[in-house]
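Chemist: Sequence:
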Amino acid sequence: SLVSAQPSEVRRVASEGVDLGDAVRRVFEAFPRRRQATLFEEELTLREVYAQLEAIASAVGPGSRARKEAILRSLLSRASPREAWLLVNAMVGETRLGLSEGLLIDAIAEAYGPSRQEVERAVMVTGDPAAVIEAAARGGPRAVRSLRPEVFRPLRPMLAQTAETVDEALAELGGRVAFEYKLDGARVQIHARRGRVRVFSRRLSDVTQSIPDVVEAVQDGLRADEAILEGEVIAVGESGRPLPFQVLMRRFRRVNVTPELIRSIPLEVYLFDTLMVDGRPLIDQPYLERRRALEGAISEPLRIVPTIVTGDPGEAGEFLERALSEGHEGLMAKGLKSPYTPGVRGKHWLKIKRAKTLDLVIVAAERGYGRRHRWFSDYYLAARDPETGEFLVVGKTFKGLTDEEFEWMTQKLREIAVEDRGSFIRVRPEVVVEVAFNEVQRSPKYPSGYALRFARIVRIRDDKSPEEADTIDRVREIYESQFGGGGQA
1161 SLVSAQPSEV
1171 RRVASEGVDL
1181 GDAVRRVFEA
1191 FPRRRQATLF
1201 EEELTLREVY
1211 AQLEAIASAV
1221 GPGSRARKEA
1231 ILRSLLSRAS
1241 PREAWLLVNA
1251 MVGETRLGLS
1261 EGLLIDAIAE
1271 AYGPSRQEVE
1281 RAVMVTGDPA
1291 AVIEAAARGG
1301 PRAVRSLRPE
1311 VFRPLRPMLA
1321 QTAETVDEAL
1331 AELGGRVAFE
1341 YKLDGARVQI
1351 HARRGRVRVF
1361 SRRLSDVTQS
1371 IPDVVEAVQD
1381 GLRADEAILE
1391 GEVIAVGESG
1401 RPLPFQVLMR
1411 RFRRVNVTPE
1421 LIRSIPLEVY
1431 LFDTLMVDGR
1441 PLIDQPYLER
1451 RRALEGAISE
1461 PLRIVPTIVT
1471 GDPGEAGEFL
1481 ERALSEGHEG
1491 LMAKGLKSPY
1501 TPGVRGKHWL
1511 KIKRAKTLDL
1521 VIVAAERGYG
1531 RRHRWFSDYY
1541 LAARDPETGE
1551 FLVVGKTFKG
1561 LTDEEFEWMT
1571 QKLREIAVED
1581 RGSFIRVRPE
1591 VVVEVAFNEV
1601 QRSPKYPSGY
1611 ALRFARIVRI
1621 RDDKSPEEAD
1631 TIDRVREIYE
1641 SQFGGGGQA
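Each position in the sequence shown, counted from 1, maps to that position plus 1160 in the working numbering.
Since the hints were made in silico from the structure, they are not lab data.
Just so you know, even glycine gets a beta-carbon here, dropped at the ideal spot from N, CA and C.
If a hint is listed, it holds; no wrong ones were tucked in.
Under the rule of at most 27 angstroms between Cα atoms (straight-line distance), these lysine-lysine pairs were calculated in the DSSO-like manner:
no., residue 1, residue 2
1, Lys1497, Lys1513
2, Lys1559, Lys1511
3, Lys1511, Lys1624
4, Lys1559, Lys1516
5, Lys1507, Lys1497
6, Lys1497, Lys1511
7, Lys1572, Lys1624
DEER-style ranges, computed between Cβ atoms:
no., residue 1, residue 2, range
8, Glu1481, Pro1461, 26 to 36 angstroms
9, Ser1237, Ser1365, 24 to 34 angstroms
10, Asp1472, Leu1448, 16 to 26 angstroms
11, Glu1455, Ser1237, 51 to 61 angstroms
12, Pro1241, Ser1306, 37 to 47 angstroms
Model the full assembly from the supplied sequences, consistent with the hints where possible.
Modeler: So this is what it looks like as structure tokens:
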């Protein structure tokens, strides 16, 4: 142990922390430390911490666990409580330092000389600010400008805005438009090179081990030596129709997937884009060029999502009805000349769904009543303010989740609570849910000025980040469209 205290006392103090790093900080502040016996007690330096973390990351083989623990113990034994908080949370991806990406881009530009636009572009094509910093420090503006997408370094997904109808999508995009099935699945980014495959979720988590059947399909069907592909993974039933999203998530939440689970929840992958093929970056190429590259790079068992290209509202409407009748969510409409803009929610892509839904973030919860008293089951739902980054409450609901999901949600919300009053908790805005509703009303009850009528959770979207949640602007658009004031702005 790193502290002189009874295990029960350590657990009691640690339980008060809001995250793992905070728990360690509280323990280090509460109890005397058992420091390593060294002649001189030197403060930790950034260079030393970086080297030790690199050593932890590279330790493999027999005895690697013990080596990693020894390195971590050495670091923590010399760290101040606040340094321990930062170290632990850095290792588990929970730093939350309040440093926005915009500020980081400004800092890189100021420190190393490239323009802000060049840094922004580099972050976009690499998906990794750290890689941009490393390039800028090594080679200045020229190195930043030379950055390109790389296999096994995931890019942030391009995002879509919403259109209420195919007519609206055609009017927004103009002329002939590509309409693709919008599948009720999990979006994935597939990186492959000469038989080696890694699959990333839309939040850039590595999910390769959870979906070995998808990996096998890529190994069998990719004709290119290397590629970065995008697609949607769906679970399919015996009838061939897609299974509910919640069923699919049972596969994605499991690291160790058994043959029985693969047989009970079979997966299929449908591709819709490619960002790089055989070393050629494609994100700046128009949609049609990327689609041709995708078609040339794959064969069975890989498939492309059903697609038509048309400027006819009637034909597009029939295609939408066909997608819905086959159990899918709706359509994606894409401009034929549109580039791929990683991490950007622009008007080049529009999603068309029959049901009214919003992706919202849970910011607080209350204990339920009656049979729901065991769980935090009444949820405050918030939309993102794109100007401030704040989350503004637009409604509250207890409808839509199963008992199993209530149990999962209660445990998750406790882990991210920042205020606990017993029957009420306020949480970090991390959990995204898809919410159906009847209409948007004006309401003085919430600071947002809006409230959803008859809100109900359709599904937990743990594949989406809070930054991908719908904005208060979108809520306002829906409200105005109800009264003929125009829909998608």
